[in-house]
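> Top line first, the protein sequences correspond to chains A and B.
Counting the first sequence from 1 gives a position; the working numbering is that position plus 89.
Counting the second sequence from 1 gives a position; the working numbering is that position plus 1299.
Derived from the structure by calculation, the hints contain no laboratory data.
All figures in this text were calculated on a predicted structure; none of them were measured in a lab.
From the three backbone atoms N, C-alpha and C, an ideal C-beta is built for every residue, glycine too.
Mixed in with the good hints, there may be bad ones.
Quick list of simulated restraints, FRET-style, between CB atoms [unchecked claim]:
#1 A/Arg336 - B/Leu1522: 37 to 45 Å
#2 B/Leu1522 - A/Glu344: 55 to 63 Å
#3 A/Gln131 - B/Gln1609: 28 to 36 Å
#4 B/Pro1613 - A/Glu262: 21 to 29 Å
#5 A/Val219 - B/Glu1456: 34 to 42 Å
#6 B/Asp1508 - A/Ala166: 49 to 57 Å
#7 A/Val219 - B/Pro1514: 37 to 45 Å
#8 B/Ala1355 - A/Gly135: 27 to 35 Å
#9 B/Pro1514 - A/Pro119: 28 to 36 Å
#10 B/Thr1336 - A/Asp248: 41 to 49 Å
Derived coverage of chain B by chain A (criterion: at least 3 residues anywhere in the stretch with Cβ under 8 Å from a Cβ of chain A; other residues may be distant) [to be verified]:
#11 1564 to 1576
#12 1597 to 1606
If the Cβ cut is set under 8 Å, some of the chain B residues that face chain A in the computed set are [stated by the list, open to error]:
#13 Asn1443
#14 Arg1446
#15 Asp1450
#16 Val1591
#17 Gln1609
#18 Pro1613
#19 Arg1614
#20 Val1615
#21 Asn1616
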Amino acid sequence: MRYALRHMGIAGAVLAVAAPALAASSPSDPLKSVMWDILRDQYFDGAPVVFDTAVKVTAPAAAEDTRAVPLSVDATALERVVEMVAIADLNPFPLVLRYHPGNAAPYIATRIKIQQATAVRGAARTADGVWHVSGVLVDAAGGGCSAPPASYAQKDWADHVGEVQARLWPAGEDGVARLRLRIRHPNDTGLVDGIPAYFVETLQVDAQTPGGSPTLARIDSLEPVSENPVYSLDIRPPPDATALILRGRDNQGGEIRATIPMPLPDAKPAISLKPVGQPWSVGQ
Amino acid sequence: MSMPLLRRLVLTAALTAGLMSGAAQAAGTLTYDLKPTRIASDTYVFEGSTKHFTRANGGNILNSGFIVTADGVIVIQTGPSRRYGEEMRAAIRKVTEKPIRKVFISNLHPDYWLGNQAFADVPVAALPGTIAGIQEEGNGIAENMYRLVGDWMRGTEVTLPNEPVYGSTVKFGDHRLRLIPLSGHTAADLMILDESTGVLFTGGVVFCDRTPTTPHATVADWLKELDAVDALDIRLLVPNHGHIRPDKACVAQTRDWLTWLDGTLRQAVSSGLDMAEALELPIPERFQVLDVLREEYRRSVAHLWPKIEQESLPRVN
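Work the whole structure out from these sequences, hints included.
As structure tokens, this is what we get:
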């Protein structure tokens, strides 16, 4: 909380200086968040910004567990997305992640900590430099960022940091393959007394091919991502890929490395919920 | 200290005015208006809403009850707030002048025990696991209720059950009560079967036309609890949430929901869906009879998904 207040103090001071100059040229925030003007300047740095519902942000209206709120940002309705960000406005650290999708589909999903009820945004920068921003409001009891991770209750947690669980599904008709990752890591914000910041900072998915190992996608992952980070990506592995390589690093220099096998020959592509109105249900 | 006298006076006046208007409003509008329904010989229930906790219902989403025996009154659950407990006790007093003999609490969820303060002078019994759970999580549970329903909670403080009970049959007057300890809905679920009337108070083990809640659930164990209910000879089933019925239809309904929920989430994980996508999965038509369906489904995704995912994704390093 101390950090949050200090952050708000700085933010407030910047607001007083910066807001009047830019207010006229920028659309007003549909979510009416008090932090929007600051965050826009901080993370979009003068680039053109539009509010665009073509970017679909999914998060629950109320956070059942403030330490693990599911969040997905889907910009597949836009052409030529080069970068995506997720932001939780009222978090002590608002920036959740930056995603560099490369040739992957502009879709990313994870779970995040939120400190209090807040606007949660997803934004996608298209090749013309415009940021397309959308978001939802998430109500919350609070405390997600300043709660100690459950990991530390287990004495042997340090023996398991960096363990990766992952699965790649075969590409569907649209050519994209679902990749899901789970990494054992406390992912600590540094806001808990006596526990320094300790979180996964970078993740990169490369393809292992006879001709080299091209990078398929990169994530800058930050403090608000939940303990034991999970990610869902929709990537395009080259046809001659023999495996995927996950490389990453945490902010204390710890390395993450795993080889993710290609799907078994009889595996089916991941289910897509995208076709609207298509019935999908189990047990009916 | 150095605040000028005039400013202090003005502040005090403003604060007093604010407090008074708040109190007047509270006194004028907030009442649960509890009316007991007689459901069997000597046996009464205060029927609550099948919704979620809201500022409109003050957290009255449960079916609390009481049995008037020759040895005194047995109370089952004390409701979501001190106010509820006090109103409940006053309403019982209108039915009988007999003293309260004992209170039973079925699990650690907020609407079962936050009215305990109104029964501080009598034994309040619960399973040891329930008492331990309230010790550990009670303050957080109470704080969240203040956030959800606001002023209805005024004066409510965490008051632990003070008598551990175990599986046994106890007799009060003509009423033989079988105390049935189970786990699944929470780690410690107490059902109470009045063998004299055939009335079963299921606590959170059975929900009826109301979507089951899963914050402390282990689905596989919960399904075994339902088998245990099926094996009982009963005449009336009182779920803590939902409708009272003379049959076991809602045992099947609860089982159907839990089986669908668990199976759907497992299949979704193994089909590559993300948790955010799972929030939007379609729910079969037959479950539309369950109140607060989509809301409660989404809460269950939050409770159950991470563990299923952890079990399902293969280690790769």
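> Going through the numbered hints above, which ones does this structure break? Give me the numbers in ascending order.
2, 5, 6, 8, 10, 15, 16
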